[in-house]
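> Here the protein sequences line up with chains A and B, keeping their order.
Take 1 as the starting number for the first sequence in our numbering and just add one per residue.
Take 1 as the starting number for the second sequence in our numbering and just add one per residue.
Just to be clear, a hint being listed does not mean it is correct.
[Said to hold, decoys possible] Simulated crosslink set (SDA-like; lysine to any residue; CA at most 25 Å straight-line):
id, chain 1, residue 1, chain 2, residue 2
1, A, Lys136, B, Thr46
2, B, Lys31, A, Lys180
3, B, Lys31, A, Ala52
4, B, Lys31, A, Lys73
5, A, Lys78, B, Pro45
6, A, Lys136, B, Asp19
7, A, Lys136, A, Lys73
8, A, Lys180, B, Pro45
9, B, Lys31, A, Thr11
10, B, Lys31, A, Glu153
11, A, Lys180, B, Arg26
12, A, Lys136, B, Gly27
13, B, Lys31, A, Glu88
14, B, Lys69, B, Trp93
15, A, Lys73, A, Thr11
16, A, Lys73, A, Leu9
Everything labelled a hint here was simulated from the structure, so no lab data went into it.
Bear in mind the structure is a predicted one, so any value in this text is a computation, not a measurement.
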Amino acid sequence: MTRTYPPDLHTAPDDALLVLFANGSQQAAQVLVARLMPRVFAQAYHRLNSRADAEDVAQEAFVRLWRVAPDWKQDRAKVTTWLYRVVENLCIDRLRRRGRTTDMGQVALDPVDPSPSAAARMQNTTRAAALYDALKQLPQRQAQAIRLRHLDERSNDEIADIMDLTVDAVESLQARGRRKLAALLNDHLSALGYQDETL
Amino acid sequence: MKHSDPNSPDPSDFDATLDAYFQSARGGVPKVDADFMQRVMDQIPTPPSSVITPTGADTVAGASRPWWKQIFAEIGGWPTVTGLATAGIVGVWIGLTGNSIWGLSFDQFQASAEFVDPFLGYDLSYLEG
Chain A
1 MTRTYPPDLH
11 TAPDDALLVL
21 FANGSQQAAQ
31 VLVARLMPRV
41 FAQAYHRLNS
51 RADAEDVAQE
61 AFVRLWRVAP
71 DWKQDRAKVT
81 TWLYRVVENL
91 CIDRLRRRGR
101 TTDMGQVALD
111 PVDPSPSAAA
121 RMQNTTRAAA
131 LYDALKQLPQ
141 RQAQAIRLRH
151 LDERSNDEIA
161 DIMDLTVDAV
171 ESLQARGRRK
181 LAALLNDHLS
191 ALGYQDETL
Chain B
1 MKHSDPNSPD
11 PSDFDATLDA
21 YFQSARGGVP
31 KVDADFMQRV
41 MDQIPTPPSS
51 VITPTGADTV
61 AGASRPWWKQ
71 IFAEIGGWPT
81 VTGLATAGIV
91 GVWIGLTGNS
101 IWGLSFDQFQ
111 ASAEFVDPFL
121 GYDLSYLEG
């Protein structure tokens with residue numbers, strides 16, 4: 001059987017790749033994985049703080065994507081938005097099962113990229129832990145809007161789509177969230193004795 | 001510099017510092033492991049064969065179909081069945097309505113056939129002794 005592919009899969013939109021996969025192109029699925037995996041993995045990692053857990057979640061998210069591919073409606077949702085929601089739910093389930101939904105900041109972080117110096121790594125780890133801890137104390141919608149923007153690096157248009165809000169409402173959530181986050185981090189760092197940090 | 005009222009910090013101050021925290025968290029995400037990526041690639045299933053080749057008996061999945069379905073496909077599937085059914089119905093109809101179905105009795109047909117000379121232009125008298 002002869003299969004035909006578009007001249008360049010790498011420039012095809014996500015949903016087109018998914019439809020191509022549903023019609024027999026494994027190559028399209030591979031391009032989709034290569035394109036979206038870093039983002040999916042990072043999202044899971046920011047929630048779970050564990051490489052192994054983030055890998056499990058990312059893997060499961062793609063398995064689910066392959067399952068829905070034959071019924072995918074191109075005008076219904078963006079692939080990235082769909083994946084975001086699946087990853088978010090998988091992370092929540094996993095955190096619930098492990099009973100650590102409120103202790104993200106106390107979880108030992110995995111070793112980070114070895115390129116920074118040991119001191120810089122330590123500072124990054126401490127800051128990340130403090131940030132994760134503070135985010136959990138924000139109202140859920142504010143935390144979500146902040147995470148999407150500043151950790152997952154989504155555009156506000158995309159965040160509005162994911163959260164079913166207007167862009168103005170998203171910006172409002174982020175502004176309030178950032179103010180609270182600053183206050184929480186300030187308290188947190190004072191309690192830890194980080195007097196040199198400025199907030 | 002620390003602000004005395006944490007609920008109303010100087011925005012220009014906390015924006016920069018918050019961004020540094022976000023940067024730290026983003027930078028703390030490990031790179032996607034190549035082996036893991038390969039595992040996910042390997043898990044990509046073969047797309048449903050019904051989508052690739054919607055008809056025909058030459059699909060891989062066809063080999064595992066029941067024998068009667070394979071025979072059904074081999075003899076032509078539904079087009080053959082409908083053709084046979086139509087032919088059967090017409091046959092029964094002809095049988096019930098007798099030999100006057102075309103407005104021409106069989107006897108008339110036979111009689112008219114007698115006028116046809118099967119050896120046109122050939123003198124049968126040569127065959128006679």
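> Holds or violated: are the alpha carbons of Lys136 (chain A) and Gly27 (chain B) at most 25 Å from each other?
Given pair Lys136 (chain A), Gly27 (chain B) holds - Cα atoms ~20 Å apart, limit 25 Å.
> Are the Cα atoms of Lys69 (chain B) and Trp93 (chain B) separated by 25 Å or less?
violated, 30 Å
> Taking 25 Å as the top limit, are the C-alpha atoms of Lys180 (chain A) and Arg26 (chain B) close enough?
holds, 20 Å
> What's the verdict on Lys136 (chain A) and Asp19 (chain B), does the C-alpha distance respect the 25 Å limit or exceed it?
holds, 18 Å
> Verify the proposed pairing of Lys78 (chain A) with Pro45 (chain B), using a straight-line Cα cut of 25 Å.
This hinted pair holds, its Cα atoms lying about 21 Å apart.
> Between the alpha carbons of Lys31 (chain B) and Glu88 (chain A), is the straight-line distance 25 Å or under?
Measuring from Cα to Cα gives roughly 20 Å; hence the hint holds.
> When you check the alpha-carbon spacing of Lys31 (chain B) and Ala52 (chain A), does it fall within 25 Å?
holds, 12 Å
> Hey, Lys73 (chain A) versus Thr11 (chain A), does the alpha-carbon distance stay inside 25 Å?
holds, 20 Å
> Checking one constraint from the list: CA of Lys180 (chain A) to CA of Pro45 (chain B), max 25 Å. Satisfied?
Violated: Lys180 (chain A) and Pro45 (chain B) sit about 45 Å apart, past 25 Å.
> Assess, step by step, whether the Cα of Lys31 (chain B) is no farther than 25 Å from the Cα of Lys73 (chain A), and give holds or violated.
violated, 32 Å
> Given the hint that Lys136 (chain A) pairs with Lys73 (chain A), test it: the Cα-Cα distance must not exceed 25 Å.
It is violated: about 34 Å lies between the C-alpha atoms, which goes past 25 Å.
> Checking one constraint from the list: CA of Lys73 (chain A) to CA of Leu9 (chain A), max 25 Å. Satisfied?
holds, 19 Å
Of the numbered hints stated above, those contradicted by the structure are hints 1, 2, 4, 7, 8, 14, listed in ascending order.
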